[in-house]
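Participant: This is what each chain is made of:
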Amino acid sequence: MVLKLIKKEFYEFKKTGKLIAIIITFLLFSIMSPITAKVMPELIKSISSEITIIVPPPTWKDAFLQFFKNLNQMVFLIVVLLFIGSVAEEKNRKTAGLIVSKGVDRKKWILAKFFFQISLVFILTLIAFFLCYYYSVILFPDTNFEIPLQSCILFFIYMTFIVSLTIFSSSLGNNIIQAGGIFIVIFIILGILNMFPSIKNYNPIYLSSLENQWITTGIKWSSALKTTISSIILSILLVSIGVYLFNSQELE
Amino acid sequence: MSIITTERLCKYFKGKKALDNLNLEIPKGIIFGYLGPNGAGKTTTIRVLLNLAKPTGGTAYILGEDIRKSRNYLRKVGFLPDVPNFYNFFTAREFLSFIADITDIENPKKRIEETLELVGLRNEKSRIGTYSRGMKQRLGLAQALLSDPELLILDEPTSSLDPQGRKEVLDLIYSLKSTKTVFFSTHILSDVERICDRIGILKEGRLLLEDSIENIKKRYWKRRILIEVDDLEKFLERIKESLKPNSVEVKNSSVVIEVLDIQYTLKEIPKIVVQDGLLLEKLEILEPSLEDIFLEVTSGA
Chain A
180 MVLKLIKKEF YEFKKTGKLI AIIITFLLFS IMSPITAKVM PELIKSISSE
230 ITIIVPPPTW KDAFLQFFKN LNQMVFLIVV LLFIGSVAEE KNRKTAGLIV
280 SKGVDRKKWI LAKFFFQISL VFILTLIAFF LCYYYSVILF PDTNFEIPLQ
330 SCILFFIYMT FIVSLTIFSS SLGNNIIQAG GIFIVIFIIL GILNMFPSIK
380 NYNPIYLSSL ENQWITTGIK WSSALKTTIS SIILSILLVS IGVYLFNSQE
430 LE
Chain B
434 MSIITTERLC KYFKGKKALD NLNLEIPKGI IFGYLGPNGA GKTTTIRVLL
484 NLAKPTGGTA YILGEDIRKS RNYLRKVGFL PDVPNFYNFF TAREFLSFIA
534 DITDIENPKK RIEETLELVG LRNEKSRIGT YSRGMKQRLG LAQALLSDPE
584 LLILDEPTSS LDPQGRKEVL DLIYSLKSTK TVFFSTHILS DVERICDRIG
634 ILKEGRLLLE DSIENIKKRY WKRRILIEVD DLEKFLERIK ESLKPNSVEV
684 KNSSVVIEVL DIQYTLKEIP KIVVQDGLLL EKLEILEPSL EDIFLEVTSG
734 A
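Protein chains in written order, with my numbering: chain A, 180 to 431; chain B, 434 to 734.
It is worth saying that the hints were derived from the structure and are not from the lab. Heads up, some of the hints might be wrong.
Stated by the list, open to error - Here are the computed lysine-lysine pairs in the DSS-like style, where the Cα-Cα straight-line distance is at most 30 Å:
id, chain 1, residue 1, chain 2, residue 2
1, B, K655, A, K273
2, B, K667, A, K273
3, B, K650, A, K281
Said to hold, decoys possible - Label pairs and their in silico Cβ distance ranges:
id, chain 1, residue 1, chain 2, residue 2, range
4, B, G490, A, F309, 33 to 41 Å
5, A, P376, B, N521, 46 to 54 Å
6, A, I356, B, D644, 42 to 50 Å
7, B, N505, A, F189, 23 to 31 Å
8, A, L305, B, G562, 47 to 55 Å
Glycine included, every Cβ here is placed at the ideal spot set by N, Cα and C.
Excised from the complex, chain A in its bound form (with noise of 0.2 Å):
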């Protein structure tokens, strides 16, 4: 039935265009990251010609580094945009309630957008990465691949939080606006606790930082391992809720 459900989920994706917007910010972004970071230097030295500015020469890391910045902005705003209504506008729309009453299991109706969510975003992270990966060694030849190639998972870890978050907003929220506002106040919440340091090792806020932090210093999992194992018992604590409050909420 999951299955069944995912399906559905990416025609939908890809009768509505979103599928193509999605596919584009990440592959846009992947190929744009190691040029900009290349090019970058050379254009802010020809703006100021009256100053003399120096510039280090760029290198693979601030390919990767513009790379990450861009995965945690306008990546990031795509996904959070398209995902956020997933549960809470078929509510709206009467779509949920009237599958739901084919004897479709709420559980499993939830878990598959879920699931179809996850592995998009998984799919074209991989991509994306390999994409920048390809452009960054032809621009910088002693590209490393492994330290990205973690920082990468990181961002993995991070995204399956932010998600997870769109899930549970969702299912709390009755249309997407509603579901929009439950989103940035945690957000906002998980971003004031992340000034604490006592807090922010088990905040997977932190983990957008980290995976800069790993491109610059290089790889460290002890650092991350609290927010890396905190971000996993949180997503599934918020899937599970996102579930329970859909299981328990009156449709129409």
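Go by the hints and put chain B onto chain A.
Facilitator: Below, chain B alone, put in the same frame as chain A:
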């Protein structure tokens, strides 16, 4: 055997009783009209029966299964919501294919074509988002019928249709009578009178009346006769004198009288007409309309 049985079914919303001890018994193979004014609790009943809302008290049995304990019966139920909303990006055929997929329908392609033919959407190739309300209603019926369910639950299936569309949908529902049980909520009384075997009248969550249309009409029959003669004043004087009717109501050129013994009255009227040299233009025994009964039941509640 009953297809739907509700036992003291209750549903409260923030203290308001949307359903109040509902006891219903719907036998197999009938078309049941579920009537009530707006806000009476018709849609709430349907939502509870379909497990979309949880009952506050009591329970219901559908096809022998307790709705509080099982959801398996939903596979044998077809449901048309009052405002049918579907995935706008699908075409009708694609949508039915998805429904066939999640409900494990055998030989889906053949079944989809048959159902589309039945509702007149076989040649429709555009996306659902472009459909008119009537087309969506027909697609709603198609998805409800796709799995060939034993029970059809239709929430106001004709409310948004034009007269032609309404006739088509009612004919379609009527044609299912021998093979399925239909639970049909509406506030359009003429639709009910046309196709239903039994009706239930609901108001403020309480079932006020439940019986076959025939029995209800017998029960609410008022022994009323409509008469038209050429000299109404003369006739009125005579009947008041000799028939002593319970009530007399003059409507334009005719008079409606309510009497105790209808057989006696029917014999006496022609005699009066002949004796007084009147011309009898019309004589009709008035049956109460469902609308009259509905208004009487709901206003008296």
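Participant: Now look at each hint and say whether the structure bears it out.
Facilitator: How the hints compare with the structure:
1. Proximity of K655 of chain B to K273 of chain A is assessed by CA-CA distance (about 45 Å); at most 30 Å being required, the pair is judged violated.
2. For the hint linking K667 of chain B to K273 of chain A, the alpha-carbon distance of about 64 Å lies beyond 30 Å, and the restraint is violated.
3. A C-alpha spacing of about 37 Å is found between K650 of chain B and K281 of chain A, which places the hinted pair above 30 Å, so the restraint is violated.
4. For the pair G490 of chain B and F309 of chain A, the beta carbons lie near 59 Å from each other, so the given range of 33 to 41 Å is not met.
5. Between P376 of chain A and N521 of chain B the CB atoms are about 49 Å apart, so this pair conforms to the stated range of 46 to 54 Å.
6. Separation of I356 of chain A from D644 of chain B is about 47 Å and conforms to the stated range, judged on CB atoms against 42 to 50 Å.
7. Roughly 28 Å separates the CB atoms of N505 of chain B and F189 of chain A, a value that falls within the hinted 23 to 31 Å.
8. Between L305 of chain A and G562 of chain B the beta carbons are some 34 Å apart, a value that contradicts the proposed interval 47 to 55 Å.
Violation of the numbered hints given earlier is confined to hints 1, 2, 3, 4, 8; the remaining hints are satisfied by the structure.
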